[in-house]
Amino acid sequence: MKKILVVDDEESIRLLYKEELEEEGFQVEVAKDGKEALAQIPRFKPDLITLDIKMPGMDGIEVLKQIRLFERQVPIVMCSAYGEYKQDLTTWASDAYVVKCADLTELKNTIRRLLGLL
Amino acid sequence: MTELFESLGLMRSLTDFFLSSMDLEKFYERTLTTGRIIFKAKGGVLRIEDRAKGNLEVHCCIGDYHQHPLDQRIAKRVFFTQTPFCLNRKGKRTPFQSILCVPIQGKGKSFGTLTFYDKEIEPFQFEEKDLWLLLVVAQQLSFAIENVTARREISTLIQEQEKRVKQLSTLWELNKALLTTVHFERILHLTLTAITIGGGLGFNRAMLFMVNEKDRILKGAMAVGPDSAEEAGRIWASLSQKRESPSEWIAQISSPSENHSLLNMLVKEIEIPLEENSCILSRTVLEGKAFNVEVPQSEEGWIQTRCKRGCSLGSEIGCYISEHLSHNPRVYSFATAPLWGKGKVIGVVLVDNLYNQNPITEEDLQYLTMFCNQAGLAIENAMLYRHLEEVHQKLKEAQTFLVHQEKMAALGELSTSIAHEIRNPLVSIGGFARRLDRSISPEAPEKRYTQTIMKEVRRLERTLSQFLSYTHEEPLVFKELDLREIVEESLSMVIQGDNGGIQLVKEFSSSLPLVKGHPEQLKQAFFNLIHNARESIGERGVLSIRIYPLSKNGVSHVRVEIEDTGAGIKPEHLHHIFNPFYSTKENRFGLGLPIVHKIVTTHQGQIEVDNRPGKGVTFIITLPAEEEKEDEKDSRGR
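If you read the protein sequences in the order shown, they are chains A and B. For the working numbering, count along the first sequence from 1 and bump the result up by 543. For the working numbering, count along the second sequence from 1 and bump the result up by 4.
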């Protein structure tokens, strides 16, 4: 069973993603900010990470850089409320960029693609 | 003694005669008859200097006089030396001959001579007494001549003064008329009308050319004058019945837009390079002075203008004249005068008397120059005013643009935080509604609730996306596009399959230049417009889309018109439809139109609205086209 780490500062989003992705057959853990996420990764060893960009304290871009320092392989999907980071981020550190939407089809498809499940 | 008194009496009556008649010619004759009686002479001659010929000529005579070369010589000597001459000679075979000749002089110069011949009574010779009497008579004569000459000069002066006063008052009237407007075309028309009407300067035709400093050309601006001799006659006949002052007529004269005369259209076509110094018009500008030109008839019988290099004056006006004359003039005279404004020549006026063939005198030219000086200032004022209006308009546009930009910037700042604050809760609401929806059986009444939540969230998310794409500039990659394809795609996003009660009318030009643009943005813009039109029509109506090429200011453009037969836009909303902050319950467009506006202006295009409240609305998008080669155009025709 593939393991996914969801990093988001909004509790309801964490709950939604966790339930939806578990329903898709993944093992899901959540982190409420960058600090928590960085602490969890070595222990949980996720196969994929979803990362919110706008978070208090350390923002998603900073977290992404930190993860990449020690974890070069794990696919990371950036999730954002708006598309303005799309231009500079898709090309470097992350593997995908998804604009948040109530319809999670795009997110789920992206995850499956990155995990080679399609 | 008695004889002397008689003589003085005769002379006195002579003076009285002159004072009562003031007629110089009759006075000359009377002087000769009286003198003949006083001096008892056989004849008498009055010689007057002919100034033009520089000759002393017999002006009038009485009785017999010596028609001998010697006599003429004597008179000349007396005239030039201003010394009286008396000769009494007894010839051997000839009868006794005597001559008494005195100069007629006044203020140191001679007018002529007065001579009497051959005393008829003993001692058949003139005495000293006669000489003195004749000097007195000559004196009287010179007083009379001076008197009459002075009177003539005074009356000439008075006439000239009267004419000058009339000219000045006409000029004043005309200038008054020029001050009634600052409208450029109107000023030009007033100027030319003033030059041509009888109560003004009275030329037959007047043409005005303006200097274009940028292109260094002189360009025909306007002309006033009849197109034919018949028309000229009609106009003069009707004008001669008018009795108002020039400024009153001028005010009644029709506006320049109605000036469709052949001459006016011809003159407007004329362009003369300023460097063309063989042309009298450019010379008027370069030398800054007026010209009066008379063109003689050629040997072939019609007139030829002086410039033979095919310049516009020679080819246009010259040809025009010889073609349209009912009879060839013997000569063709025209004059030019510069229009001065602020130390430089801003234009030229050309006048002629084609129809009545009156010569143009130096005085006419001077009068024209005086008027043109005034007219030049008025025209320059009008030009400055026009310039001011243009600048004012540009400033207003720039201000509107700035205000709009400022709103946009504020919107941009707001949008980032709004997006975050709204998007996340929406994701949760929508996401959990979906989860709920999946767990509810299709038959349960709650299914409708979850469906409604999902639908509304979708709508909110779409609005948010539009809003964000509107406020956040994305770097644009422009491509060469065929607008017909773009519009087709937008259309297919709105109308799929059955059109229902909507009649779709497509008029796409078969040959269309390409447009450089961002395909997604343009698709979005046309989608919004077509979507709005579709919504506005409702159940039944016509949706028309037209695409065609257009030349605007000589630049190629493509125009797209999207017309619906819906309710139109309420006039009170019309000014706000492109304003992103403006919204009312009735404003069904939301952010759609501001986005269209933004996209169109990003593409250097224009958007216009033809609103017919209650009947429908047409949105007109005009985008600049790519410059292209002819062969490309052909290959793309559909």
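Among the clues, some could well be false.
Stated by the list, open to error - Subject to a maximum C-alpha distance of 25 Å in a straight line, what follows is the list of computed BS3-like cross-link-like pairs (lysine-lysine):
| no. | chain 1 | residue 1 | chain 2 | residue 2 |
| --- | --- | --- | --- | --- |
| 1 | B | K272 | B | K556 |
| 2 | A | K561 | B | K556 |
| 3 | A | K561 | B | K451 |
To be verified - Partial list, derived from the structure: chain B residues whose beta carbon lies under 10 Å from chain A:
| no. | residue |
| --- | --- |
| 4 | K167 |
| 5 | R168 |
| 6 | V169 |
| 7 | I221 |
| 8 | A225 |
| 9 | E366 |
| 10 | A423 |
| 11 | H424 |
| 12 | E425 |
| 13 | V431 |
| 14 | I433 |
| 15 | R438 |
| 16 | T456 |
| 17 | M458 |
| 18 | S469 |
| 19 | P617 |
By construction, these hints were calculated from the structure, which means they are not laboratory data. All residues carry an ideal CB built from backbone N, CA and C; glycine is no exception.
Hints, one by one, checked against the model:
1. A C-alpha spacing of about 21 Å is found between B/K272 and B/K556, which places the hinted pair at or below 25 Å, so the restraint holds.
2. Between A/K561 and B/K556 the alpha-carbon distance is near 60 Å, which puts this suggested pair outside the 25 Å criterion.
3. Taken as a hint, the A/K561 and B/K451 pair is honoured in the structure, with Cα atoms around 24 Å apart against an allowance of 25 Å.
4. For the restraint placing B/K167 at the interface with chain A, the shortest Cβ-Cβ distance is roughly 84 Å, beyond the 10 Å limit, so the hint is violated.
5. Residue-level restraint check for B/R168 is violated (minimum Cβ-Cβ distance to chain A is 81 Å; threshold 10 Å).
6. Hint status for B/V169 relative to chain A: violated, with the closest Cβ pair at about 82 Å, above 10 Å.
7. Taking 10 Å as the C-beta contact cut-off toward chain A, the hint placing B/I221 at the interface is violated, the least distance being around 52 Å.
8. Given the 10 Å rule on beta carbons, the hint for B/A225 is violated: about 55 Å separates it from the nearest Cβ of chain A.
9. At its closest, the beta carbon of B/E366 sits 79 Å from a beta carbon of chain A; the interface hint therefore is violated under the 10 Å criterion.
10. A hinted interface residue such as B/A423 counts as satisfied when its beta carbon comes closer than 10 Å to some beta carbon of chain A; here the least separation is about 4 Å, so the hint holds.
11. Taken as an interface hint, B/H424 checks out: its beta carbon lies about 5 Å from the nearest beta carbon of chain A, inside 10 Å.
12. Annotation: interface hint on B/E425 holds; nearest CB of chain A at approximately 8 Å, less than 10 Å.
13. The interface hint given for B/V431 is met, as the beta carbon of that residue sits about 5 Å from the closest beta carbon of chain A, less than 10 Å.
14. Annotation: B/I433 was flagged as interfacial toward chain A, and the flag holds, the nearest CB pair being 7 Å apart, inside 10 Å.
15. Evaluation of the B/R438 hint against chain A yields a held restraint, the C-beta minimum of about 7 Å falling below 10 Å.
16. Because the beta carbon of B/T456 sits about 13 Å from the nearest beta carbon in chain A, more than 10 Å, this interface hint is broken.
17. Below 10 Å, beta-carbon pairs count as interface contacts, and B/M458 has one with chain A at about 7 Å; its hint therefore holds.
18. Of the supplied interface hints, the one on B/S469 holds, with its beta-carbon coming within about 8 Å of a beta-carbon of chain A, less than 10 Å.
19. Checking B/P617 against chain A: minimum C-beta separation of about 38 Å lies over 10 Å; hint violated.
Hints 2, 4, 5, 6, 7, 8, 9, 16, 19 from the list above are not met by this structure, while the remaining hints are.
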